[in-house]
Amino acid sequence: MKPKIVIIGGGVIGCAVARELSAFSADILLLERAVDVAEGASKANSGLVHAGFHAAPGTQKAMFNVQGGRMFEALCKQLGVPYRRNGAMVLAFNKQQLDILHELLEQGKANGVDGLEIIGREQVLAFEEHTNPTVEAALFAKSAAVTSPYELTYALADHANVNGVGFQLNTEVYSIEQCEKCFRVDTNKGSMISDIVINCAGTGAGRLHNQISDRKVNIVSRKGEYYLLDHDNRPMFSHTMFQTPTGMGKGVLITPTVHDGLILGPTALDIDDDADVSTTVDALKTIREITSITWPQESLKTVVTTFAGIRAHETGGDFIVGAVDGAEGAYEAIGIESPGLSSAPAIGLYIADRIAEDFHLHRKPKRIPPPARPKSFADMTVKEKRHAYRQDPAYGSVVCRCEQITEAEVRAAIRRPVGATTVDGVKRRTRAGMGRCQGGFCSPRVMEILSEELGIVLNQVTKSGGSSRMLSNRIEDAFLEMDGKHE
Amino acid sequence: MANMNEMYVDVLIIGAGPAGMAAGIAAREAGLENVLILERENEIGGILKQCIHNGFGLHRFKEELTGPEYAQRDIDRMEELGVAVQCDTMVIEIDSGKRVTAVSRTHGVQVFRAGAVILAMGCRERPRGALAIPGTRPAGIFSAGTAQKLVNMHGFMPGRRVVILGSGDIGLIMARRMTLQGAEVLACAEIMPYSSGLNRNIVQCLQDYDIPLLLSHTVVDIRGRERLEGVTIARVDEKLQPIPKTETEYACDTLLLSVGLIPENELSKQIGVELSAVTQGAVVDDTLQTSIDGVFACGNVLHVHDLVDFVSEESAKAGRAAADYLLGKRRAPSESIPVADGSGVRGVVPQRLCKPANNAQASGVRFMFRPDRVYQNVKVEVLDGKHTVKSVKRRILAPGEMAEIPLSAGDIQSLSGNTVTVQIME
Chain A
1 MKPKIVIIGG GVIGCAVARE LSAFSADILL LERAVDVAEG ASKANSGLVH
51 AGFHAAPGTQ KAMFNVQGGR MFEALCKQLG VPYRRNGAMV LAFNKQQLDI
101 LHELLEQGKA NGVDGLEIIG REQVLAFEEH TNPTVEAALF AKSAAVTSPY
151 ELTYALADHA NVNGVGFQLN TEVYSIEQCE KCFRVDTNKG SMISDIVINC
201 AGTGAGRLHN QISDRKVNIV SRKGEYYLLD HDNRPMFSHT MFQTPTGMGK
251 GVLITPTVHD GLILGPTALD IDDDADVSTT VDALKTIREI TSITWPQESL
301 KTVVTTFAGI RAHETGGDFI VGAVDGAEGA YEAIGIESPG LSSAPAIGLY
351 IADRIAEDFH LHRKPKRIPP PARPKSFADM TVKEKRHAYR QDPAYGSVVC
401 RCEQITEAEV RAAIRRPVGA TTVDGVKRRT RAGMGRCQGG FCSPRVMEIL
451 SEELGIVLNQ VTKSGGSSRM LSNRIEDAFL EMDGKHE
Chain B
488 MANMNEMYVD VLIIGAGPAG MAAGIAAREA GLENVLILER ENEIGGILKQ
538 CIHNGFGLHR FKEELTGPEY AQRDIDRMEE LGVAVQCDTM VIEIDSGKRV
588 TAVSRTHGVQ VFRAGAVILA MGCRERPRGA LAIPGTRPAG IFSAGTAQKL
638 VNMHGFMPGR RVVILGSGDI GLIMARRMTL QGAEVLACAE IMPYSSGLNR
688 NIVQCLQDYD IPLLLSHTVV DIRGRERLEG VTIARVDEKL QPIPKTETEY
738 ACDTLLLSVG LIPENELSKQ IGVELSAVTQ GAVVDDTLQT SIDGVFACGN
788 VLHVHDLVDF VSEESAKAGR AAADYLLGKR RAPSESIPVA DGSGVRGVVP
838 QRLCKPANNA QASGVRFMFR PDRVYQNVKV EVLDGKHTVK SVKRRILAPG
888 EMAEIPLSAG DIQSLSGNTV TVQIME
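These protein sequences, in sequence, are chains A and B.
Everything in the first sequence is counted per our numbering, starting at 1 for the first residue and increasing by one.
Everything in the second sequence is counted per our numbering, starting at 488 for the first residue and increasing by one.
Please keep in mind that the hints were generated in silico from the structure rather than gathered at the bench.
For each residue, glycine too, the CB sits at the ideal point set by N, CA and C.
You may find that some hints are simply not true.
[To be verified] With a straight-line Cα cutoff of 20 Å, these simulated PhoX-like cross-link-like pairs (lysine-lysine) come out:
id: 1; chain 1: A; residue 1: LYS4; chain 2: A; residue 2: LYS142
id: 2; chain 1: B; residue 1: LYS726; chain 2: A; residue 2: LYS285
id: 3; chain 1: B; residue 1: LYS816; chain 2: B; residue 2: LYS842
id: 4; chain 1: A; residue 1: LYS301; chain 2: B; residue 2: LYS756
id: 5; chain 1: B; residue 1: LYS726; chain 2: A; residue 2: LYS301
id: 6; chain 1: A; residue 1: LYS4; chain 2: A; residue 2: LYS364
id: 7; chain 1: A; residue 1: LYS109; chain 2: A; residue 2: LYS142
id: 8; chain 1: A; residue 1: LYS375; chain 2: A; residue 2: LYS77
id: 9; chain 1: B; residue 1: LYS842; chain 2: B; residue 2: LYS866
[Unchecked claim] Chain B stretches covered by chain A per the calculated footprint, using a threshold of three residues with CB under 8 Å from any CB of chain A:
id: 10; segment: 637-651
id: 11; segment: 769-778
Using the sequences plus the hints, can you model the full thing?
Here you go:
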């Protein structure tokens, strides 16, 4: 009989685990409390695939970062997810920081990172002309890359889903209870019994872990705020620009995105409320102050938006990945802060292999390949555009003018295996609404297409599920309401 | 070079809003046969379609029309003249050789080769993200024009309890519109000590409905996880920084933003047109030609106007200039004279004057600009180098209303060739 596996959490980790497990014969269900996958840390981070020199040798962070980093390019290629090896630099402005560069270099070598070297001022400025000319030196990491964390999560989810993994969204796990040879998982949608549970619940993972293990963990919600700048011609920096690390992490950085935007951030502030993704005056000011050291001519004229994300920090400082202590059949990936995205492919593979071994799972003879991800219309040549239009005339209808996203692409995003059901879901899957007008022009049309595809009334369309409805009443209802009042 | 896949048009106009329509009509009236307007939406008229309030056409038609009525006059004239418009068509690429690639649902990918191009893409609204207002990012925050479209074109209310940030004209119009539709508009906050909207709109859209206009105030916090639950408004100091302890909380489900319009010059950048950092539109000469030969710009893509009447007037001029260019009637410019912003003046258009080789070809020009603040009882002057060639008294000038000063053909002919400056003298 196929074992029942419940994966808790639809972030990049949960989806990576789901995809790897879908190669095996098992009855797998992924539970996600939000309306969509990639709604937590996976939608709001720096999008970096780190080279792997930041973590201390021997830690899980170091191991999974380096392994995951090596898997990344092939994985993105297979799934059709954007990935660019842009290289990273850690800047040093004084002797003390220069010493730190050497420590990072040694640490990187110990972790097995290739392509690290320390370069001087001239070379830094030759690579990045907008860098502060008082820079002394930099640690240059050739293998560092950028990707799109949420697009990766969607693609992992789709591939898992076509291979049989069920996705149950809007489902919040309240508790896990270990019974005899099984687990009882209580959710807002009722209870379920499962042979194996995998806790990938992000900031919620600590609470669930402590319900089934005596070795307690402590997860802190660490908020990071960002600026996103528009892609005006080309980003000001093509490399990821770190400063030397701080006690709270890798520090505030500047990096291009895979879509040629420029990200400034993140700050790091431990907060009590794991849903508080508000931005604040103080943090935005901190970002400006720190990034202007790297980029003295800093210009925020092309700010597209500011945003915040929450990463799950375990106070021990390392990832906790593997079988849960004292709870046979339970597995987990806890404290997956940076370099969590870089590590996701390796963590997914590790947990799946571990379960397959422990439970003698049978590998399926054949896995269904991931659904084809057509090139975006904006990136096509004229010839390709003509061809795409002949296949589907909806390619002729541009919905988002800033990012040139067509109706065909919006509909495809909704029809994907784990498809978009909200305005934000469409935005992150297609980029419609991500550009300089921030959805001003396209959001009414996106809402219309969502209502058509989902078979709902326009004012039932939400921004991001729950009570986030975009519109209130129909106008004729307003008249009726007013008539009622006057009677 | 002839290419089977390319269609030649005399004048290709991008955008069938008020600017594109007026340019098309003028180019056709000036004798061009082959005029084509490409419009990305499914109907002609641009933003006028959703402006169902009246007040359009006072200058041009001497009557008060609604937006759709105003547009219809141009649509009728285009039909009479046979100005071709292709809707649902988005220009996706344009090069300096005036080769224009467009895509549409009915025709797929088309490539046009144009004798002249008129840029008439209009403008977009500055979004919330660009302001970096702290707080959450829930549903219920709209730019005023998006809200106007949802109400007037889709028939849905964005919300019921509304705060408006910014006092641009669309925000003011929407304050009235949503009130009439049964919503409660709590306040309109403007960070500057003066409104950026027309005075008539402040009276007719806010004062008539007892909606407070909070000058020198801005939104400093946004609350609500899923749908907007409230905003905090604070007073700002002279440096536009929020003053502590002046915060007031407003419980609302909707925040409309009317915080500025930005000319949509992405295509202009593609062709390599020189842009002004002040207007964020093209740098043009008095024939509205950009830095690229045969490429003209007019309407809100050139500089943001307050009144559609002036958009139509300016755009007709661009249409005639494009026709002159193609029919070889263009005045041979003997000299190009730069025009600069003087004290108190922001974004004067045009930024260059072409001094014609002879008087017969001369025509006057009207400089348009915005004052950098409110002025009373001042003179607007045009200087040739340091020498005043024109001076006009103005009782009041405000950033919310475009100001102008004309210069006659004779005045232009007598210019020395030094930089011309437009300035405000107190």
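Checklist entry - Any of the earlier hints contradicted here, and which numbers? => result The structure breaks hints 1, 9 and 11; every other hint is satisfied.
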